[in-house]
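J.: Residue numbers (this note's numbering), protein chains in the order written: chain W, 1 to 132; chain V, 1 to 132; chain D, 1 to 132; chain E, 1 to 132; chain H, 1 to 132; chain U, 1 to 132.
These aren't lab readings, by the way, just hints derived from the structure by calculation. Check before you lean on any hint, since a few could be wrong.
Unchecked claim - Here are a few chain D residues that face chain V, going by a calculated C-beta distance under 8 Å: (1) Leu109; (2) Leu120; (3) Ala128.
Ideal placement from N, C-alpha and C gives every residue a C-beta, glycine not left out.
Number of protein chains: 6
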Amino acid sequence: MNAERKEPNYLFTEKQVADKSEIARRFLDGRTRLNANVDKADNFLVKRFYNIDHNTYLEGALPAKYKELMGLVASACLRCDDCVHYHMIQSYRLGVARSEQEESLNVALVVGGSIVIPHLRRAYELLAELYG
Amino acid sequence: MNAERKEPNYLFTEKQVADKSEIARRFLDGRTRLNANVDKADNFLVKRFYNIDHNTYLEGALPAKYKELMGLVASACLRCDDCVHYHMIQSYRLGVARSEQEESLNVALVVGGSIVIPHLRRAYELLAELYG
Amino acid sequence: MNAERKEPNYLFTEKQVADKSEIARRFLDGRTRLNANVDKADNFLVKRFYNIDHNTYLEGALPAKYKELMGLVASACLRCDDCVHYHMIQSYRLGVARSEQEESLNVALVVGGSIVIPHLRRAYELLAELYG
Amino acid sequence: MNAERKEPNYLFTEKQVADKSEIARRFLDGRTRLNANVDKADNFLVKRFYNIDHNTYLEGALPAKYKELMGLVASACLRCDDCVHYHMIQSYRLGVARSEQEESLNVALVVGGSIVIPHLRRAYELLAELYG
Amino acid sequence: MNAERKEPNYLFTEKQVADKSEIARRFLDGRTRLNANVDKADNFLVKRFYNIDHNTYLEGALPAKYKELMGLVASACLRCDDCVHYHMIQSYRLGVARSEQEESLNVALVVGGSIVIPHLRRAYELLAELYG
Amino acid sequence: MNAERKEPNYLFTEKQVADKSEIARRFLDGRTRLNANVDKADNFLVKRFYNIDHNTYLEGALPAKYKELMGLVASACLRCDDCVHYHMIQSYRLGVARSEQEESLNVALVVGGSIVIPHLRRAYELLAELYG
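So that you can see chain W by itself, here it is in the shape it has in the complex (with noise of 0.2 Å):
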């Protein structure tokens, strides 16, 4: 079963998040240098696969703002900081508001146990840049 997939609307740019948050550039920053060198090896899967990484998170059955934060979710439960940062920003750019932000950290909490604490704190340094 498959709705339609659309690029999602963003209320800001990447560059906007990267002014506004000092945690948020040095991440976009680090990426972009680091997936310049990924795209240079020209793999043929690893761009498949980034590729499908893209679709899963557009307009579809579900607004492209809970997939978002339900990649955020996965990520702090599977805890890895890069992950859970990309989200949040992601999140942010959509218009995501603080609260929801937080009760999506909540599930992963819970799901995750104490272990996920020392990334709710991180994730919380960004929230406070963020929306600050």
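Following the hints, put chains V, D, E, H and U in place on chain W, whose structure we already have.
T.: Below, chains V, D, E, H and U alone, put in the same frame as chain W:
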């Protein structure tokens, strides 16, 4: 930051789900039987944890249905069939469409990788019984 | 830094545990049957690993019973029912009280989160048979 | 950097493996039945993911047999019995020797620790049926 | 089943530990700073979770020191350096001997496998500062 | 079943790798320094574990280079940068081609999902330094 929390409005009872799906019925019966045994132990911390767990999925800043779907994504990424079944049943009871469940499972598949596939297969079996 | 290691003093044999609990009996029988097959393969590294594994839980700087309970916590956090059963049986054989097993499971629940709950339910079923 | 990809040359069909091993037969039958149900859903992203998954294990810069064994190591480390069975069967079909499967499982055991042991026991049961 | 819970008796304050070990000092300072930010958000569920987390490690059926060591084993198995540092510091504050910390790390190493080794190396660095 | 084990034949020393790649140099230096501290502790079980770990990757039924690549796949799936770096360096020292490293990382990416991507990016940075 805290939104008011309240119980969600279920469209179906657990009994109605169990009547519709044999997989759901077996899961719910086993869960009821084993939880009765946990309740008998009356462990303070377990009760507190169950309570916090219940509070996490109430209506709040985010609609309950999206939090159940987040629980589904987390459960599928962390690869726990019981938890996947539980959140799929809860989502169904809250009126989530099949296409919304599938898109949530897509997030879990892409974040969690092919190791999620055996759980995806079993999840689709439950989807077929619930929505078929 | 190394304390002297020696075999712990078991209060009960595996046979006595199997006679008391049907869950334990099934686990121990399956484990014996499958290990016999592993032993037949006579794989050098597997034997070395089993040996180091055995050494880990001997009496040492820490009493064996606390190391079995640590094994229980690790197993519950990493969500392996077989390993949970094994360390609960070993702890029982070493005279660990039910309340001590419950507190160990509480550590696992809080560190590991709600994803541990299905394993907790099955662990409490074994507790009921062992201490009931 | 991309080597040419092509289908590997299987020495045995799935049917021949199922005739040799009861464990393999049950796994393959269950997988076929559940995949038919997934296929019916015709989910765009799932199909894309299955396609990329298939491409990963083709002959390329690395012989297919070593990539199946890598899949086995990853599956055992991440502790998924279905995935372990699948890659052991695929490796067998590509002519991998029992000693090569055992050494791959050794890597998984040492990297992943004693939590892998219950899966190792079940893997050795399949080894005995395939190579016995 | 519930034993009475009470606060453990610490032999050292966090300040004394920070004075002894530079690694501990950096960890404790970062944690204090980031927790202040989490506290400011005043999220109901996070507060509840922190509260339950605190309760888990109190004196009870099991001495607090063994529960901190269980927290250490779980943290090392789940591979979280911050959590490993936290529980090592707490254990030290409760008078745990170095040999007891090492044996706990041995359980984590054997259960969790060689993937734990980088965390073990960093844990031994902290051991050297605390007990050196 | 056990093949004869013997030390693999390295094409490059660790020193030569460190001279070629700054990332490798920093990793190897840190590892040497921290391991010296672990060695000083002279813990019986840690030494046994290190020994078994060393034995796992010797030439045997499988060529050492494929076992190092299996270690790489496992490390990337379990998401440990230090372990990823270690096995990439070892593979390079054994003459593994860049395309072989990339295909191994593809297996890890597909099995482990997008949560592996941040580690993949850092792995490609090391690839560029080693093979660039």
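J.: Which of the numbered hints above does this structure break?
T.: Those not satisfied: there are none.
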